[in-house]
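Peer 1: With chain A's structure known, arrange chain B on it following the hints.
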Amino acid sequence: MDIFLQLTVSGLSTGMIYALAAAGFVVIYKASDVINFAQGDLLLLGTYLIFLSVAQVGLPWSLGVAVTLLLAVAVALAVERLVLRPLVGEPIISMIMVTIGLSSVLRGVTGAIWGPNPRSFDSFLPAGDIVLGPATLSTARLLSIPIALAVLAGLGLFFRHTRDGIAMRAIADDQQAALSMGISIPRVFGVAWGLAAVSAAIGGIMLAGIVGVSPNVASIGLRVFPVVILGGLDSIAGAVIGGAVIGLLEVYVGFYVGHGLNLVVPYVVLVLVLMVRPYGLFGKEIIERV
Amino acid sequence: MSLDCGVFHTRYESDMGLRPRPLQRLRLGILALFVLVFPFVASPYWLDLANQVAIATVGAIGLNILVGYTGQISLGQGAFMAIGAYTAGLLALNFGVPWGASVFAACVVTAAAGTFFGLPSLRLKGLYLAIATLAAQEIVEWGMTNWTAVTGGTEAIVLPAPVLFGVRLNTGFNFYWLAVLAAAGTALFAANLMRSRIGRAFAAVRDQDVAASVIGVDVFRTKLLAFATSSFFVGLAGAMIAFHRNIVTWERFTLSTSIVFLAMIIVGGLGSIRGSFLGAALITLLPALITNVGRAIQDTAPQAASLLPYAQQAVFGVVIILFLIFEPRGLSKLWENAKDYFHVWPFAYRRGETRTG
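Quick note, the sequences are listed as chains A and B, same order. For the record, in the first sequence the residue sitting at position 19 is 19 according to the numbering used here, with numbers rising by one throughout. For the record, in the second sequence the residue sitting at position 294 is 584 according to the numbering used here, with numbers rising by one throughout.
Excised from the complex, chain A in its bound form (with noise of 0.2 Å):
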């Protein structure tokens, strides 16, 4: 019991940490229909910051998180302006390939910066473990899960009342009749890519916290399409759901089956969400059928 306590602990925090990516992801689907495969690489850039800003230049904790998400917001506002606005309106094939080649040059930069060893600096999480009942459990994990929650309903609450939040919704609904209403689309976009950013490099951060800082971060980028699958492409709520879902899979049959077949397991249940209910949980159900 005491193990199904602290997998569970891990595979939720694990997949808050999905659920931060992903919801990132939605964003920038949402508002401009673009699947970002580079959003793993948004992570690590978070990671690497986070590591400049406090162990690379010293500067004390709560500076360097400022510092890391305004680096993240502009890096991801430069991308949007620069990268994939040429491109709207191009061809699902395109927006694929130009974020593929997005991830490459941004695994590149950072690799040339800070190589392909793994670092590791002292986290602003508490490091120790709390021991609950029969159970210990690392505190880092466990504070990590309601700092994500709170940054993703955070989100949801940006999406449902302010005006930047309406705009993107209005946009995601109709670009037509949002273009007609005088809602600027390129403000929204660079909006949604900021807010992509964020929410990457707030994962970043809790992840350089939980498990260092190295390259293999951006593998994280490949289990947001499991995550986004299942809870759906436009759904703030289905992020986290499906965060949630796929995290634990994974710790449960990591440790109860074995095999490496928690890697595989995602993929699995992604397939077998795609046969039966292609939106996804809180998905809308209007998909490209043939």
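These aren't lab readings, by the way, just hints derived from the structure by calculation. Among the clues, some could well be false.
Unchecked claim - Result set (EDC-like, lysine to aspartate or glutamate): computed pairs, CA atoms no more than 20 Å apart in a straight line: (1) B:K629 / B:D305; (2) B:K415 / B:D499; (3) B:K415 / B:D508; (4) B:K623 / A:E90; (5) B:K415 / B:D497; (6) B:K415 / A:E90; (7) B:K415 / A:D129; (8) B:K629 / B:E617.
Peer 2: Structure of chain B alone, referenced to chain A:
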């Protein structure tokens, strides 16, 4: 199939011919001559690169049949090549099948697997199909490394070198002829395929699937046929990779392989055989070029060597992005533009003047 600028056909034969004009035949002749002379003058290093380009051309044409001609996005190229390579390798190693037969078997098995993975295209298209093929890639990748009893897991499979007419094809020079033959054959087949009823059906499904079904194209059957044809050649490329170095390892067939091949057809030109070749050549030679540059500046900048893999990765991404933004139809279109310019020279129409005037 675009019309050439400034060319007016007066006979059906010339309209339907693959390369009807004397100048086109001349260019083909020059290319053939180059291909024939090249191995006698090239160093082993360049021969090896040429073999890689030829193999990549086969794979890129295969992928282009699916993505460029039929419009079905596939991120599973690596998985299909793996199926081809492992089929050929395991048949040759464990059952002593002659290499020619095992290569053919690899093509057929990959075509069957491709058809199976094409089944989701019945219900899914665009983005969802891309994600489904991504999942297929991950699942096959897992199978390669974990189904140890069959694939040997992460261990490499070592094969006997293929023998043709008593000549062992274990040198770059000997393998070259086989690779060039395969690439030329694939190109010829694809060119003719696109002139056929089936090829036209592929293009119709890509451009407007509803309209295609209205004029009597069985959309689902056509898509499956595209998956099968495409995978046949992708399997051939996989089998050639197996026999090129006489070794099969899972690292050659990961998701990044799929991405590299997609990059080839994007950079070369979607739906173009010439583009498949040009893209395969550029994307294969680019890392080699960067490595050479790195070696050249090693003395002045000693830290350059450790940055090489990252430079390759970043340049690869930049090339994709630049082509998508500035020339989405790829190298093939650039070549056409150059050709058209010289064809009507000195009366080329100048874009700037007509726009302002």
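Peer 1: Would you mind marking each hint as holding or not holding in the structure?
Peer 2: Now the hints, each set against the structure:
1. B:K629 / B:D305: holds, 18 Å
2. B:K415 / B:D499: holds, 11 Å
3. B:K415 / B:D508: holds, 16 Å
4. B:K623 / A:E90: holds, 17 Å
5. B:K415 / B:D497: Holds, at roughly 13 Å.
6. B:K415 / A:E90: Given that 20 Å is the threshold and the Cα spacing comes to 16 Å, the pair holds.
7. B:K415 / A:D129: violated, 48 Å
8. B:K629 / B:E617: Given that 20 Å is the threshold and the Cα spacing comes to 16 Å, the pair holds.
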